[in-house]
Structures are given as C-alpha cells and as structure tokens.
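Enquirer: Single-letter residue listing:
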Amino acid sequence: MTTTDLSTAPPTGSFLDRFGTTSGALALKVRFLGVLVFLLLLVVTFTITAPRFLTLDNGRSILFSSAILMIAAAGQTLVVLTGNLDLSVGSIMGLTAYVVFDLSGETTALQPFVILIAVLIGAVLGFINGVLVSFLEIPSIVATLGTLSIYRGSVSFYADAKEVTSGQLPQYMRDLAMANWFGLSAYVWLAAGVVALVGLVLRKTPGGRSLYALGSNPKAAEYFGLSSNRIILGAYTGAGVVAAIAGLLLGARVGNINSLLGSGIELQVLAAVVIGGVSIWGGSGSVFGAAVGAIVLATINNGLVLLQVQEYYRLLIQGAAIVAAVGVDAIVRKKVLSATTRRRIMEVDA
Amino acid sequence: MRLARRYSWELLLVVLIGLAFVWSSRLSPYFLNRDNLVSSAEFYVIFGLMAFGLLPVILHGEIDISLASTLAVGSVLYAKLADDGVPVIVAMLAVLAVGALLGLVNGALVAVAGLPSLAVTLGTLGAFRGIAFLIAGDQGSVISEDRYLVLGDGEIGPVPVSIIVLLVVGAGAAALLAYTSFGRYSYAVGSNPEASRMAGISVIGTKVIGYVLAGVLSGLAGIIWVGQYQSARGDNADGSILFVITAVVLGGVSIKGGSGRAVGVLLALILLGTIQTGMKLANVPGTSQTLVVGLLLIASIGVPKLVQIVRGLQRTPVITQSGRSDAAEPAASNAS
Amino acid sequence: SDDDAEEASDDSVAEAEAPASSDAPEEAGSSEGAKIFMAPKFTGLAYFEVAREGGEQAGEDLGLDFQYIGSDKPEATEQIATLTNAIPQSPDALVVSAIDGDAIAPALNDARDAGIKVVTYDADANVDARDLFINQLSYELAARTMLDAALLNSPDGGLVAFISASPTAPNHTAHVNFMKEFIDGDPAYSSLSYVDEVQFAGDDAAKSQEIALNLIQANPDLKVIISSSAVSAPAAQQAIVNAGMSGEVWATGFALPSSVRDFINDGSSAAFALWDPAELGYVATVAAAQLVSGEITAEEGQVIDAGEAGTYTVGADGEVLYDKPLMFTADNIADFDF
Amino acid sequence: MERTEQDAAPRLRVDGVSKSFGAVHALRGVSFDVQAGEIHALVGENGAGKSTLVGIITGIRPGDAGVVSVDGVATKFKTPLDARAAGIAAMYQDPNLFPHLSVAENIMTGQFPRRGPFIDHAAMKTRARELLADVGFEIDVDQMVAGLTVAEAQFVEIARALSSDLRVLILDEPTSALTPSEAEKLYEVVRRLRDTGTAIIWISHRMEEIRALADTITVLRDGQHVITSPSADLSDDEMIRQMVGRSVVLENVARTEPLGDVCLKVSGLSLPGVFDEIDFEIREGEIVAMAGLVGAGRSEIAQALFGLSKGVEGEVEIHGETVAPRSPRQMADLGLVYLPENRDAEGIISTMPIVDNIALPSLKSLGRGGIVDSAGERRLAEDQRSALSIKGEIGDLVSSLSGGNRQKVAIARWLAKQPTVLLLDEPTHGIDVGTKAQVHDIMRELARKQRMGILMISSDMLEVLAVSDRVLVLSRGRIVVDLETATATQESILAAATQRATKATVA
Ligand SMILES: Nc1ncnc2c1ncn2[C@@H]1O[C@H](COP(=O)(O)OP(=O)(O)OP(=O)(O)O)[C@@H](O)[C@H]1O
Ligand SMILES: Nc1ncnc2c1ncn2[C@@H]1O[C@H](COP(=O)(O)OP(=O)(O)OP(=O)(O)O)[C@@H](O)[C@H]1O
Ligand SMILES: [Mg+2]
Ligand SMILES: [Mg+2]
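In order, the protein sequences belong to chains P, U, G and S.
Residue numbers for the first sequence follow the working numbering, beginning at 134 and rising by one.
Residue numbers for the second sequence follow the working numbering, beginning at 2 and rising by one.
Residue numbers for the third sequence follow the working numbering, beginning at 2 and rising by one.
Residue numbers for the fourth sequence follow the working numbering, beginning at 2 and rising by one.
Keep in mind that the hints are not guaranteed to be accurate.
What the hints assert, rightly or not - The calculated EDC-like cross-link candidates involving lysine to aspartate or glutamate, where the alpha carbons are at most 20 angstroms apart (straight line), are:
#, chain 1, residue 1, chain 2, residue 2
1, S, 79, P, 355
2, P, 352, U, 195
3, S, 311, U, 195
4, P, 467, S, 95
5, P, 467, U, 195
6, P, 337, S, 143
7, P, 352, S, 174
8, P, 295, G, 54
9, U, 306, P, 270
10, P, 295, G, 338
11, P, 162, S, 83
12, P, 337, S, 95
13, P, 352, S, 95
14, P, 352, S, 83
15, P, 352, S, 173
16, U, 257, S, 345
17, P, 162, S, 143
18, S, 77, P, 270
19, S, 266, S, 322
20, P, 352, S, 384
21, U, 81, U, 11
These are calculated hints, taken from the structure and not from any lab test.
On a predicted model such as this, the values are computed, not experimentally measured, just so you know.
Could you build all of it, start to finish, from the sequences and the hints given here?
Expert: Here is the structure:
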C-alpha cells in the first residue's frame, strides 16, 4: 500500500503513472474503452471475413439500424444508473407510437403536436413506473414486468386489432424517416442528438449527477440529503419520455403500425446497456457506452447477415457478449469499491 | 392464530381463488366442468414446473429468466433422442442432465463468479435458445411413439400423469424447503447471505444447487411439453418466463429473497389459471387478459405497501430514516 | 393457374353433391344456429382481422353463431390455451390458423374427439388433426405468384433474397423452397437468381426493416426482397423507401393492399400479391358450417359451395385450394378496400 | 482563550436529546453546550451514542426528544442539507463518498453552483479547489474518487464539510484511517478553523490527540451525558474513569482450574496492510482478551482465523494440527468458530425463528441425508435456550428479541456445534448490564467447565479485566503487549492501546 505525501502537488506524471495509483478510475475508463475495443474487434473480424462489410454505405446502414435502439438504450441508462431497470420500454414505445399516430391520423389538426403528445404520454407512463418503484417500493423488475403487460394490454385494447397505415402518418414524420442530413440518415443525427442531450443532462445537471450519486452509493446519497424517491421518479419519467420518442421514430420508420410494435425490444435494450458498460448495480457507465452497445448489437446483426450465418448463432454470440460484459463489470466494480472502502489500519511509513 | 398469520398470504390466495372460481363460473357456464378443469390444469403443468424451479432461485435473492430457453433445449433434445429411438429412461435422464448442466452454467456465473443474475440469464436466455435451434434445426419434430409421451400425455385413471408430476414436484419443493437442510440454507442465504456465510453455510453451493434444480425442472418441463404437444421446436415456450415470474411473485415469494413457500406458488398458479381459464372460456379478448395479469402482479405487491403507507400517514410519524431494509419492520411489529 | 382451380371445382360439383347430402340425413343441410369459433394465430394483426370480417359475413349469411377468439400474444402456448378452453364451450366447429401446427395438434384432436369439426385456414395444422384445410394458395402457386410479383417490380430479373417469419413456419419454408426450385428450373424465372440463406424476422416490422437493410448491404446487386409475411413485405419496402433506394431495390411478396397502397401509388413498388383474406375467412367458415350440417364430410372430391365466393373441391388429405391469388398493381389497387 | 461572544447563546446547544432504536437506548437526555471558537472533544466507549448524536444534530435522523439549537435558535433539520444551509456540517464516521463521481462533484453534491439548468463546472471546480486548499490539500478535482487513497478520500470528506459560513463542524473519528503525518495536517486545519470562530466537535478514541487538540471535553457513557469539562481540568485517568465507570461493578472471578493443552496456536500471521506478525496461543480452559482501539485490526485477525480473508500468511494450529483457514464452514467443522461483532448484519438472521438460527450450523450433523430432524433441532434449540436463558419461545422470530437475547442466540448457534475454540468479537457490545454479566458467566462456564479456549475481542476494559486470564493489546495491526490479566490495569491497557506501535515495540 502506498502513502501519498499530502504536500505534493497534483500528480503530473506520465499517463500511465497517473493511472497506476488510481486503479478504480482506470478500471472505469478501461471498461468504456473495452466496449470500443470490442466493437473494433467485431469490425476487424467482419472486415476480414465479409468483404462487403467495411464500406461507407454499410457503416451508414449499421448506424441507421442502431439509431432507435440507441435512443431506447439512452432512456434505459437513466434507470439502470439508479440501480433499477425498466422492462416496460417496448410497451411504452408501442403504445406511444400507436396512440399518437392513430390520433393524428384521425384528427389532422393534431399533426403538428405529435411530438408533444408523445412526450406527454411517455412522461405519464414513466411516472407511473417511477411511483411504483419509488413510493410503493415494488422491486423494479416486478413493477415494470407488470407495466409491460399493462401498457401492452392497453394499446391492444385501444387498437382493437386495427392498424395505423403509413398513409395516416403526418407527412413530416414520414419525410423524417427518409431524410438524409449531411450524408447520414436523419435518424442517426436524431439518435446522436438524444444521446448527447441525455448525456448532457447526466453530466452537466444537478439532477443527472444525483442519478449517478444515488446509484453509486445510496447511503451516502441519503447523508448528502438527496431524495432517492424523487431521483428514481425523475429517472423513470425521463426514461419514459425518451422511450416515447424512440417509439415515435420507430412508428414513423415502420409505417404500418400495429399494437405489437416494439414488443420484445426490452431485452435488446437491456443487452445494449449492459454491453455498453452501464453497470447493472447502478452508479457507473455512460449513455455513450450504451449507444455504443446498441451499435455493437447492430453490427453483430449486420455482419452475420453479410456472412450468411444462421440466426441461431446470432443468439449465441449476443448472449456470450452480454455475459462477457457483465463479467468485466464485476471486475471493475471490485476495483472501484476496494479503492474507497478499504480502511487502512496499519501505518506504513514511506 | 399464529398459523393464520404465518400463512396469511396463502389464505388470501385461497380467498381470491374462491372468488375467481365464483367469478369464472358466472362468467362462463362451462367453467365448472370436470373435464375442462382437468385439461385446463394440464395446461399449467409446464409453467408450474418452471415456477417451482424458479422458486429456490428467487428465494436465494437471484433470478433466472433463461428457464424457458432451457425448456426448449430440453424439448428438442428429448424429441431428437426419441427420433433416434433411445430408450425412454435414458432419453429422460439425458434431458434432465442437460437441464442440470445449463443450470450449472447459470449458477457458476452468478454464484461463483458473482455476476448479477438478471444480466447473466439475459445472456444465457439468448444463448440457450440458440442451442435449442441448433439441436432442432429449421424444422420441428413430431413424436408419436406413445412411450415417449407418458409424462405429458399419459393418464392414471382419470388423472393426467402430468398433473401428478406437477403435484409431486410441488410437494417435493415444499418438502425440500421445509424439511431439508438445503431448504433451511435457502431461506438463510436469501435473508442474509453474509450472516449465512458466517454461520458456515456455503452460500455459493446453495445458490448453485438452486440454479441446477431450476435447470432440471425446466428440462422436465421440456419432456412434458413433448408429451403434451407431441412435438418440439426451437421456439418452444418462448415468452413464457413472464408468466412464470408472475406466478412465483404472486405466490408470495419475495423477489428480494428469503421468504416464500411452495404452497403459495401452487396457489398462485391455480389463481392465475382460474382467472385466465374463466376469461378464455368467456372468450374475453386477449388484450384484457394481458391487462388483468399485469394488474394482479402489481397489485399483489403494491396494495400491501399502499395500505402500510396510508396507515403510516394516520399515525404520528415515528420515522426510521436509517435507509436500511428495516423499513418493513414497523408493519410487522404493528401487526403483532 | 387461377382457371385451373375453378375448372377443377366445376367438374366435381355434380359428383360431389350426392354423397354430401346423403351422408348426413339427420341434419340435412342446415347449419342454422351452428356455433363456430374462429381462432387466428393471434389477435391484433390486420390480416386476421380482415379474415375475421369474412367469417362474420358468413355467419350472417348462414345464420351462424360466430365468435372470434384468441390471445394477443404470438405464442403457441397461448393458442393452445385458447383452443383447450374452446372445447368445453362445445362449438360445432373451430376455424383455426395454426401458430405451431404440430403443437396445437393434440388440442385439435381433443376437439375432434369431442365432436367438434376443425377447419384450418391460412396456416395448416397436422393433417390428421383437422378435417379441412382451406389453403389460400397452393405452395407452388404462392411461390409463382411471388416470383411474378418480383418480375413485375424488376422486369429484368436479378438477385432476390428471402425473409421468412421463422424457421418453424412450414408454409414460409415451403414457399421459399419452391421459389428456389422455380428459379433454378423454370425458364420463366431464369432471369432471377437468389441468396441461399433465408433471414427470419418473426413477423416483426422493425426487425424486418433491419434485415432488409442488411441484405441490401450484403448483396450490392440485390434487386428484390421477397417475403411471405404480410408484416415483413411492406416493412421491407418501407425500409427501401426510407433508404432512398426506391427503383433500385424492391420488396414484394404477400401484403395487405392497405399497407402497400402508398408504395404502389407513388410508384416505389409495382406489385404486391395476396389473396382476399376476407373471402378466405368466408370460405373457411362456410366449409366449417357445411361440415357441421353434414353437407360435406371432408372426403376427397366433395364440393363446398360458398355462394358468391365460389365453389371448391376437397382435395387429397382434406386440403381445399382456395387458390385465388391477387396481384396488386397501380391499375387495380384502388379496387381493394382491405 | 478569548470568547468575545460569551454573552450570547452558545453556538450549539444540545438539550435533553434522547433516541432509542427499538430496545436500545442510544441516547438518554443528553445536554451540553459547544461554544464558538472551541474544539470540543466528544468521547466515550464504543456504542456510547456519539455517532447517533451526530446524526441527530445534522438532520440525518430525528431524535425522539430534545432540542438542538444553534446560536440560540432551535433547529428542525429534515435533511443534512438543511443543516448545511444553517452552517452545520459533519464528516461522518463511515466513509460516505460517491466512488464514481469526481472529487469536485463529491464536494459539491447537493449544492452545485448553477448556470441556468446546468452545473457551472468552472465554478464548481474552483470552489472545490478552494475548499481543498482550506484543508491544505491539493489534488486534481477532476479525478474520480474511486481512484483516491484512503487519506485523500478522507480529506475530500472534510473539504466537503467546509463552507463559507461554517458555524459548527463535527468530525467523527476523522483520523482513524490516517497516518500521523496526515493526521497532523488535519489538526492544523481544525485549529485554523477554530481560530476563525467555528465550533468544532471532535470525536476520537485517541488520548494524545484529544489532549493536543481539545479545549473542552464531553464524556458520554451508555447514551448518557457524564461530564463536560475544560480539557485542562480533566486528567487522562479521570477521563477514562468517566468513560468506563459502570453502575454495576464487574467481578473478577479468579480461575481455579488448571489450563490444558494448547488448542490454538498462531504464529507469524500477517495480512499486508492490516496486521503483521501476530503470534499467540490459547490453551484449553483459557480466556484470552484482545484489547485495543477500534480499528486496531482485532476483528480482522479473528476473521482471518475463521477463513474469511484471502491472502493471509502465517501458520495456524488447532490442537497441534496445522490448518490453512479457507472458509467458515471448514473452520467450524474443525471446531473453531467466530462470533461476529456486527450482530444484526452477520451474527443472526433476524427474519428466521430462534430455533432455525440456533440449529443452522448444526443441521448437517443433526439430520440424515439432508433431511432436517425437526425434533432433534427443537431439542437442541430448547437446550441452548434454557442453558443461556434466552427469553421467548424457540419458535419466535429473532427480530422480536432484545439485543442481549439476540447475542445469546448468536452464541447459542455455535455452542450447539460444540466447538473447542471460540473467537468472540465484542460479545457484550451494546447489550444491557444484566445480560452482560450473564454472558460473562457463560464464557467462564465454557472455558472452565467445558474446557474451550476463548479469544475475546473487547473494547470494554472492565470486561477485559473481569473475564480474561491474559490480555493481548493491539495497536495498528500489531500486538504491542501481552499481559497476565492479574497484573494489568485499565490504565496500562489503554496506555498500550493508544501508543503508536512500531515494529520494534515489544512489551
Ligand atoms: N440504526 C441503528 N439501529 C439500531 N441500533 C443502532 C443504530 N445506530 C446505532 N445503534 C445503536 O445505538 C448505540 C449507539 O451507537 P453509536 O454508533 O451512536 O455509538 P458511538 O458512540 O458512535 O460508538 P463508536 O465509538 O463505536 O462509533 C449502539 O448500541 C448501537 O448499536
Ligand atoms: N477492509 C475493510 N473494508 C471495509 N471496512 C473495514 C475494512 N477493514 C476494517 N474495516 C472497518 O473498520 C472498522 C474497524 O476495524 P476493525 O474491526 O478491524 O477494528 P477492531 O480493532 O476490531 O475494532 P472493534 O472490533 O473494536 O470495532 C470496522 O468497522 C470495520 O468494519
Ligand atoms: Mg460512532
Ligand atoms: Mg472489530
């Protein structure tokens, strides 16, 4: 064990020197780099095995495919950071897309307010999740498992087996799904925007930092006077809003919307978040990691189609990637915790 | 009185089952028909087996969402072995062994490596499903040789073998938890893993056994699947884990671990089965069924808490802000 | 091929009528009041809703007690539960689209043991688990229809790729196999070639789109994506439109006209195919009613008279070919209101 | 010391504050004043209620009764943030930082400077740097707390407690994890703050530190206020007497039985950074006490012997056989058991009945083939219940018991396994005096009659003197003294425990 001489100035040694003494911080950095390395390895593997893989066009295509998952993963990140999770994300997406486009299809006057309505719906659904988890103290897995069914049930009830067809969508939403801005699909920019916005909120606002604080050390959060109920409520509401936006974009992209839209996507979203290095224990990870996680999943899907590999292997590879990701998380977590909780008992004089 | 308090959740379930029975029989005149009750019960055997498998895992404070995929591996493997004419007993043992192996994989990752169970089993959920498809190939298989179907299709007198299997497994689970050291360790580990370790219990071993049991029972469910449906495909039981978790939680098993009983799970299965059967018999649209099950799940946990909060508001606030899990204590002491 | 089917049914009308009526003396041709349940794969899909309308129409025409049952979850166990719970309600017949034809077979057999007639439509169950299968299109005809649609989109032919719902959907698998066979062997389709590996999208629109894009990337000279899934085909076309590749790549296959009307109208697609699901549902329900009344017994050669919807002859293994493919093009798309 | 504001109300007044946790009375009517510009030491044995008082003053938990006033104004803080707004801050005993956040964020959480909806990062960092500079500490405020050393983290906590209008600063055992040079740094900061008029409450177990710093000393004992006195008027001996003074005098019962063979022999036991070169033996029938300040590493030694630690070096012999402790299960099977100090978290499973708790470690030997012998189990529990006179029925939940009875359950579950070596960590911590005496009798009975070897870790001097045959005094991970109890006094033990051990120190 080393003793830092307190009188010395801030460490100014080489890059590695500096990380040598701060293993926890290093571990977290490595964890994020790890996702990128994993993505890089995937890219290299596919580039070697699938000649068509490394083209600009294919890159664009992968980004476009991952855009909606990125947004949904950004919302999920908010919740996972607090040490909870949201299994109802697919249902929120489906419900929002269906209801919003159905309403705007029938009442064209509503068309300009599509986004606003979606945000409202998402906020309400997320708020309900938040109340269940925070005030009613229902473990998040149970609460959102319940709302997964309830929200999905509600949308099928509402839809009554009808479909919203692409013609009913507001023209500007349809245009958006086709738009290309600066050589990339508008969706990619929007996803980048949402991720950046969520990232900004998480990094730069007091609320965002309290999400991390709560997940990082709930007891300390209490000592610091943070209200865990309010933070959790905020996280779920935010996640609901972001999921609603994802749903809206998914609906506009798909065109023909039925009440099943987005079902089952929660597992993909969780996978993206976990692979992206957002710790399932809460408190660590970034929304950018989650976005990279989404790209990783899209890359796997793309590469395997390029390689003409059977669907089954996709399931296997994705599963292995998740397990590997949490394995790395566990090691990182140990490092982080050991750095702050170890109490030095003996004197070690330099 | 003490017994009544100890089994208050089960009593509540029994009352609810009674109400559901009345409701269902009013909803549909066909409900109280013996054959119908039997065949409906048969339908829930597969979910019940997975629920009893999930029970120890949740009791230990963990979760396993990969069980339906394990079932699929079991069913397609069993079908494959049946196709190859492997002796029935050998085929069954092989499937159970593979179920155990898959459970062991989960258990090792969760208990030995200390990884979060939700994420681990999210991974193996996909991986095991992939294995099931690899075994099954593109097409499913149809099994018609009766000797392979006894567990799912056979009958002893008027009672289907599969129901007997479920009841035996349920009784076994109840006995395992109530009368064996494993059961005692399970509650201990789920209630307080640190104290359990300090008491010389192998927390890792206990959790691993839980996962292995879950795997074995899912494998058994796969065998029954083949018996009941005389076929197997890679996508068998896809999506059924939500129902299984609902049954376990509704059965009064705390998702945080440490409490819950097999009887509760059985009663929850009966309750869910009664409601769903009633609604299906009345041809209630599927959407309402989804809604009702979701609401039931949340209500089962949310309502007691809500009552507690309301009661707490009425009393002068004696606050325990310590942020510990002793938040539940006041209610318990209040009741006594 | 359309004509073939009608000729065949015309021929057999005379022979079939006699046994049909003599076989069931006690009910002598009346299905009035018969209780018929229609169970789609799962509820909430527009295609099945259209078929339901046909069933309801038949119910009205024949004075049936028609009910539509099912779960909104696309899971075999859910359909099994639905069917199991239909039996005690003693319907006279079940009209079923099988989500897993093998797995629901025992339930259907139970129904038949209880004296319930079983008719499958859209997706068949095990042959011995039902009385009749009203097949919308024979697998060969379905394959040809989709290839024809592909050629309408891309007259010069080119590379095609397939998206199916799942490896376990037998009709999709059969369609693909026939399409491959025809491309390999039939000179009419020799301008086409295909990507061997089939992709699976599980009737999920979002996934279909991702796969479509990946297929385009994987195969630069890809011309047509073909899918038998009424979800995947329009979704894939939408993905192509979104990607700004209309006119370079096309998606086609089976789709409801309502879901592809815009593509056809704006010229991004020349043709999609299907049949009339409402009429299919109508025919299936009529067939069920006639089984109930004893007008037919599902023997080979018997004729189902569905009034304006036509007459159909029972083929081998109780299979009834509806076989009326529809090709939606710019010329006729306005005529379809489903 | 000039107190210009003497006429005004005291900076902080604690008046009749009480607090119970269930059956435990952590504080009973505690009252004392703290003046502006003084360092006020708050001392008392473990469990005296010091930390509980800190929590009440800073709004972490409400007291049951009593008033805390600042500058004559009664306060009602709902959260620590309210307290901070009123200029009252604390550095709590257990580390409370967010490992994943940066140093600056940890310092400023809850009171981020804002620019619009955003945190003003520049301002935040500047402020954090200023506060760190105030405690004479310079580190990169952007780095993550997870990367800090323990001492650095401690200074971050202190910096966090500071603010421009700081009126009262409470430090709960701030130096327990610091080296002397680091501690010295902290003393300077505190003195400087005092000189600018802040009232400081300093909680510590270290004599020389209290002597060097405190202007005034308040002693708590068993949740009650004993004395508040200027430091100069309170000698070390007197202070210790006030801390340990008991209403019931524990009797020292002389041992009459001879000692048996060595049942536990430890040589050269080391865990890097925690304890070093620990050597001792325990004989059958002997009670050996291990004394020392909190944090001396006593629990760690016992835990290492029980197979709970990895990376332990050295040799352990049980009844002459060398063993390598790997797991509690293995050690319990070998007859060596450990009673953890953290009773509720580690010693018992409070949601299970008494009988289950007692039988838990013995289940395997009781039943056959994994089946629990419930009759045997109940018999076992009943025997222990009556032997240790545990209140209540064996079917009762342990959560319904008082602390003392919970502790008896925790002891009973090991006794049921008939071990030969007992490691008891603070066996009477936080239990009432009557039960305490009972536990002492039980220990004597086990050693003298049943010939067990007992290692008792205790911070209660009188208990050490009354019960043990021999005392090992630990300081900072090393045994500094090994005394026959007959020749030891409280003062000699405390003196040894508070001295700074060096490797050369041998008693
Ligand atoms: N949250 C709690 N629940 C139950 N009992 C508690 C709680 N917090 C403290 N106690 C009990 O209150 C008493 C006083 O504890 P406290 O931590 O205030 O003592 P202390 O003087 O700070 O001791 P130390 O010197 O060991 O830090 C102890 O008996 C302790 O066990
Ligand atoms: N590695 C560690 N990680 C976290 N906390 C630790 C660690 N080592 C010691 N502690 C904590 O430091 C405190 C004091 O350490 P320890 O228990 O070893 O001292 P002790 O001499 O046994 O004191 P006592 O038993 O009188 O409290 C304990 O509360 C313990 O939980
Ligand atoms: Mg304290
Ligand atoms: Mg200790």
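Enquirer: Indicate, hint by hint, whether the structure satisfies it.
Expert: Hints and how they fare:
no. : hint          : result
1   : S/79 - P/355  : 11 angstroms, holds
2   : P/352 - U/195 : 19 angstroms, holds
3   : S/311 - U/195 : 16 angstroms, holds
4   : P/467 - S/95  : 19 angstroms, holds
5   : P/467 - U/195 : 17 angstroms, holds
6   : P/337 - S/143 : 14 angstroms, holds
7   : P/352 - S/174 : 19 angstroms, holds
8   : P/295 - G/54  : 12 angstroms, holds
9   : U/306 - P/270 : 8 angstroms, holds
10  : P/295 - G/338 : 14 angstroms, holds
11  : P/162 - S/83  : 35 angstroms, violated
12  : P/337 - S/95  : 28 angstroms, violated
13  : P/352 - S/95  : 10 angstroms, holds
14  : P/352 - S/83  : 17 angstroms, holds
15  : P/352 - S/173 : 17 angstroms, holds
16  : U/257 - S/345 : 18 angstroms, holds
17  : P/162 - S/143 : 14 angstroms, holds
18  : S/77 - P/270  : 27 angstroms, violated
19  : S/266 - S/322 : 9 angstroms, holds
20  : P/352 - S/384 : 41 angstroms, violated
21  : U/81 - U/11   : 41 angstroms, violated
Comparing the model with each numbered hint stated earlier shows that hints 11, 12, 18, 20, 21 do not hold.
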